[in-house]
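Can you make the complete structure from the sequences, with help from the hints?
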Amino acid sequence: MRAALNKYRHVFLVGLQGNIVYRWHFTLRATFSFFHLIVVFLLWGAAYAGKTEIGGFALDQTLTYFVTMMVLQFFISAFNEDYQISEEIRNGLINQFLLKPVNYFIYRLSIFGAARLVSGLLAFVPLLVALPLIHDQLAYPGEAWRLWLGLPAAAMSALIQFSIAFCFGMLTFWFLEIQSFIILSYAIETLLAGQVFPLDLLPPGIYRLSQFLPYYYQMYFPVAIFTGRINDPAAALGGLGLQFFWLVALLALARLLWLRGLRRHTAVGG
Amino acid sequence: MNDKTNPITPGAEHSREPARAARPNYLRLWLASARYSVVRAMMFRMDFLMWTLVELFWMGVNVAMVAVIYRHTDSIGGWSQYEMLLLIGTSMIIQRLMMGFFWSNIFEFGRNIRTGHFDFFLAQPGNVLFMVSTRKLDLDSLANVVVAIAVVIYSAGKLGLHPGVLDIAAYILLLACGLAVNYSLIVLAVSLTFWVIKTEGIEGSYFSLTEFSRLPREVFRGLANVIFVYALPVVIVTNIPARALLGGIRLADAAWLVAVSAAWFGLAVFVFHRGLRRYASASS
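Protein sequences, first through last, are from chains D and W.
Mapping the first sequence onto the working numbering, position 4 (from 1) lands on 4, and the numbers just tick up by one.
Mapping the second sequence onto the working numbering, position 142 (from 1) lands on 412, and the numbers just tick up by one.
Hints listed in this document are in silico derivations from the structure and should not be mistaken for laboratory results.
Just so you know, even glycine gets a beta-carbon here, dropped at the ideal spot from N, CA and C.
Some hints here could point you the wrong way.
Which residues of chain D face chain W? A few of them, derived with a C-beta cut under 10 Å, are [claimed, not checked]:
#1 W44
#2 G55
#3 E177
Just so you have them, the derived chain D footprint on chain W, three or more residues with Cβ under 8 Å [unchecked claim]:
#4 301-312
#5 342-353
#6 542-551
Cβ-Cβ distance ranges computed for the label pairs, FRET-style [said to hold, decoys possible]:
#7 W24(D) with M312(W): 40 to 46 Å
#8 K100(D) with F314(W): 33 to 39 Å
#9 A3(D) with L546(W): 57 to 63 Å
#10 R544(W) with Y83(D): 33 to 39 Å
#11 L301(W) with H135(D): 52 to 58 Å
#12 G18(D) with V466(W): 19 to 25 Å
Shown next, in the form of structure tokens:
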């Protein structure tokens with residue numbers, strides 16, 4: 001067990017070094033996200049003109065939602081893990097994992113963890129620059145339970161995001177090109193994970209439905225706990241249960257696709 | 271046109287006039303690229319369908335956003351729901367035209383500078399910028415131009431608009447100016463590759479800027495107004511055509527957009543040619 005942990009600790013450390021190489025890339029990306037935040041502030045600021053609340057939330061609460069989502073994204077979102085995995089399958093890099101006692105899923109997960117640590121911390125650079133400007137717009141509720149339920153929710157969201165990316169990477173066993181699948185699914189995720197608008201603004205029936213889909217748990221759920229859009233600890237706890245269900249389901253799917261894919265896989269050359 | 275140098279239709283009529291050989295027929299060149307793109311798309315039909323679907327979904331995201339926000343408010347910057355949808359449809363038309371005609375060509379041009387494959391374009395008889403920009407078309411984006419136009423027509427219908435022929439002509443002209451601005455911005459950004467070899471992440475900047483194109487001009491205040499409405503032409507490219515369709519054309523605005531597109535296009539051509547002088551191919 002110790003040996004196994006040690007194995008993946010090394011993968012994590014190598015991943016850390018590998019991702020620090022891309023520090024400019026991540027910082028640039030985070031900076032573009034702040035342009036997106038300007039759009040969000042302008043759009044929602046105008047939508048709130050002459051109103052004190054939309055969907056029961058004040059302007060600063062809604063802006064806090066978007067800022068939190070943006071920052072959390074850099075800590076838990078899968079960026080290009082699906083492409084990387086796809087490349088490794090195509091290039092035959094996975095062949096070595098068939099011979100060594102290294103689990104490919106955990107190997108990639110360790111690198112994902114390292115990458116998110118780097119990109120998450122780098123996202124604070126533009127945030128700190130912008131903080132004097134947006135500070136007055138931030139309104140966080142203070143209850144302690146939000147932290148105790150929100151952190152595990154965020155951790156499970158990260159695992160869900162990674163598992164989805166892993167599953168898309170696995171499609172490489174069956175399809176030559178997976179980019180269109182990924183971007184198609186990304187459009188759905190963007191919408192149903194609450195990146196375009198807080199999901200609670202949807203018509204009640206659709207909102208209820210969205211709570212049963214995995215997308216809800218991949219971003220919206222932890223952000224809603226942190227920013228006060230979910231106010232009932234019992235409901236949050238129930239949400240954690242459903243989130244756990246989706247996590248297990250996606251992990252199982254990832255495992256299934258890996259095993260099935262390997263059957264189709266032919267390792268050519270050396 | 272000089273058919274000897276045109277690999278696409280070898281053996282067609284041979285030009286006897288050397289003067290004509292110096293000036294290729296750009297329309298025919300472009301049509302040949304277009305035909306090649308159609309053939310290619312038909313070879314990879316599944317791919318074409320998938321990418322058309324992808325773009326359709328992304329347009330759906332924007333339409334859904336409008337639908338949801340307007341459940342809770344009647345106006346954004348004085349624009350009603352269908353006015354806003356018309357604005358977003360307008361921005362989609364420009365963006366899809368941009369993607370359809372130029373996007374991948376210009377990014378390939380950036381990559382080619384890095385790899386040295388750009389030599390191939392320099393060897394071609396014809397304007398380099400034209401050759402670089404019109405190599406192929408993305409048909410899936412062009413298919414979605416139709417959907418974007420449908421969004422605009424639907425919104426106009428909901429608003430009870432009855433634009434005359436002149437209004438529509440003005441709208442199309444202003445859209446063309448918007449496209450020219452978008453094209454110029456991308457050429458400018460990618461031309462930087464002549465000076466700094468690493469220009470990854472520039473696509474991100476383009477998509478960040480086009481997000482501003484989907485907002486009504488009226489929501490910009492203070493510094494944001496100075497930067498995004500006046501300094502960078504990202505807001506007026508969509509707002510002025512959309513306004514033209516909504517409330518009849520305002521001449522001052524139209525003149526502004528025409529002048530801005532001419533200026534940015536001129537700047538892009540200038541920077542591109544300055545960069546071209548620096549190009550020294552790649553060593554390997």
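Structure-based check of all given hints:
1. W44: Because about 8 Å separates W44(D) from the closest Cβ in chain W, which is inside the 10 Å limit, the hint holds.
2. G55: OK, holds: G55(D) within 10 Å of chain W, min 6 Å.
3. E177: Result: holds, 7 Å to nearest chain W Cβ.
4. 301-312: violated (count 0)
5. 342-353: n = 5 at 8 Å, threshold three: holds.
6. 542-551: Violated: only 0 residues of the segment 542-551 of chain W have a Cβ under 8 Å from chain D.
7. W24(D) with M312(W): 40 to 46 Å: Distance hint for W24(D), M312(W) holds at roughly 41 Å.
8. K100(D) with F314(W): 33 to 39 Å: holds (37 Å)
9. A3(D) with L546(W): 57 to 63 Å: Holds: the Cβ-Cβ distance is about 59 Å, inside 57 to 63 Å.
10. R544(W) with Y83(D): 33 to 39 Å: holds (35 Å)
11. L301(W) with H135(D): 52 to 58 Å: holds (57 Å)
12. G18(D) with V466(W): 19 to 25 Å: holds (23 Å)
Consistency note: the structure conflicts with the earlier hints numbered 4, 6.
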